[in-house]
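Participant: Those sequence lines, one after another, are chains W and L.
Using our numbering, the first residue of the first sequence is number 1, and each one after it goes up by one.
Using our numbering, the first residue of the second sequence is number 1, and each one after it goes up by one.
These are computed hints drawn from the structure, not numbers from a lab.
Please read all numbers here as calculations on a predicted model, not as lab measurements.
Away from chain L, derived, C-beta distances all over 10 Å, residues of chain W: (1) Ser42; (2) Phe164; (3) Gly245; (4) Phe276; (5) Arg278.
Not the full set, but computed from the structure, chain L residues with beta-carbon under 7 Å of chain W: (6) Val32; (7) Leu93; (8) Val104; (9) Leu116; (10) Phe130; (11) Phe131; (12) Thr192; (13) Thr224; (14) Ala256; (15) Gly276; (16) Phe284; (17) Asn287.
Pairwise CB distance ranges (calculated): (18) L:Leu241 to W:Gln249: 32 to 42 Å; (19) L:Pro147 to W:Gln249: 24 to 34 Å; (20) L:Leu241 to W:Arg220: 48 to 58 Å; (21) L:Asp173 to W:Glu163: 24 to 34 Å; (22) L:Glu261 to W:Ile24: 34 to 44 Å.
For each residue, glycine too, the CB sits at the ideal point set by N, CA and C.
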Amino acid sequence: MQRRMLIQGLGFVALSLAALVVVIPILFVVGTIVVRGSGAISWEFLTAMPSHGMKEGGIFPAIVGTLILTVGTALAAIPVGVGGAIYLAEYARDSAFTRAIRLAIINLAGIPSVVYGLFGLGLFVLFLHFGTSIIAGSLTLAIMTLPIIISTAEEALRAVPTEFRTVSASLGGTRWQGIRHIVLPQALPGIITGVILGLLRAAGETAPILFTVSAFFLPRLPQSPFDQTMALPYHLYVISTQVPGMPLQTQYGVALVLLALVLSLNVVATIIRSYFRRRRQW
Amino acid sequence: MVLKLGDSAAARRRWFEFGIEAIIRVLGFSTVGFVLLIFLFLLREGGAVFFEVQPANLLGTRWYPTFDLFGILPLVLGSLLVTVTAIAIALPLGLATAIFVREVAPPWAREILKPLVEVLAGIPSVVLGFFGMTLVAPLVREALNLPTGLTAFTGALVLAYMALPTLISVAEDALDAIPKSYRDAGLALGATHWQIIWRVIVPAARSGIVVAVMLGMGRAIGETMAVMMVTGNAARMPLALDAWFRPMRTMTATIAAEMGEVAQGGTHFHALFGIGVILFVMTFLINLAAAAPIFKKRRRGGLR
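Bound conformation, chain W alone (with noise of 0.2 Å):
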């Protein structure tokens, strides 16, 4: 008895000693980017163009540009998405079709980030001449954060119970009207948890925009959907293997600035999961 004690005594130590060797890396790297990058961070940082070869002046053009590539990636991926959601949540059956859709989802969940890259430069750059450009990058991500506004979608839908449609229906309601007015907004919490899950994602790739949009150094602003645009996760790529002699400060700088838009984006989808569902009624 004692000794079977002991051991599990044991064990369990074994096991927290591995959630900690799993934990204090996680600690480490943000705590290192945040202590190392906060030097760098000024208005001047934040708000100017770059100048004398990237190494001073600020990264105005990457923030900007990475804005507007999560902006683009949202307007075409959140209709798809949610369209899709709603055709497998609310129309379809259990069938040989349905099947295949929801492969194609976890296909598409697992496929290389570089080879998006690949086919948003065979598609969208070569196929239909958009060019390195905005649309042909937001495209390629939009199709990447597919599966990801998908499922969570889905899920939010499939969380509203079923009696809220049948109300619905012996209303005199149709379907659409269901979903439209009843099913949506009370899965909308859900949904927006789903689509910010999936853009922060999009906003911190670097893989599908190398040959889709990104411009190695462009100091200014873009002016069309079909212009090139920095980003800040090519930027620190590019700062930091393909330009010798730059500041290291100025590397943990872009770091911590893509780190935090992206932990911020992490922490408001969470605060509106949490919040809603505490509010939820069902």
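Once you've looked at the hints, dock chain L against the given chain W.
Facilitator: What follows is chain L alone, placed relative to chain W:
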């Protein structure tokens, strides 16, 4: 809804309903279309390489595009070496963490652990690559006394942490799905909590854990930026034991590093898309295998 003939408002509504349903149906099927479209366009640009380059060259051991040598073997093996090593590191850590969270951790520890793992999942791969390059690589170099810290092992280390969030959350779901009666039966037999975990719960969750490993592998093999920045990018065959501690090149990194400098429509261009086709097929198969048990469960339990 009762519909009178000639009732124009109702007719209009019916058409509207029909239109909306058609649009939603199309959006629902669009994902299948996208998968096909991706495969089609990869083949369109990459298919040519399988005709332009001799099979013996393509399956060769040397990747030197400037000398028309397109041997993909070192790249495929490089990807496999880094991926398998990463999973070998991540699986014990991830499984132990999932068990800790599900079975052992007090609520406060769970409240800290889960958001932190979510933070890890949210860190962009280029940031982790940057971190790996500036801090982990020098550490590896000094600890192991190597000429450079940019090695396959460093890449695997960074990849392991990138695969962890997927591994942990899928393994957690698998542990969660074990019926409570299994645990009760163990308790009734006088087993300790530890014995129940290892002899009952983990074996019962085996298929779910396999899924976690597959999905983690799919994530790791497709990872691009971090791997490219950390592994040192030398396309060589990883045959000797010291392969872990030398620079290494993966398939994804090759595409990302070389696509920018390549002439569009040339053999090298087609070869990079050809690697894309291989990656697509590999991840497709991995995800198919991972999804198989999910579909089986669906069929048994019914979709809704």
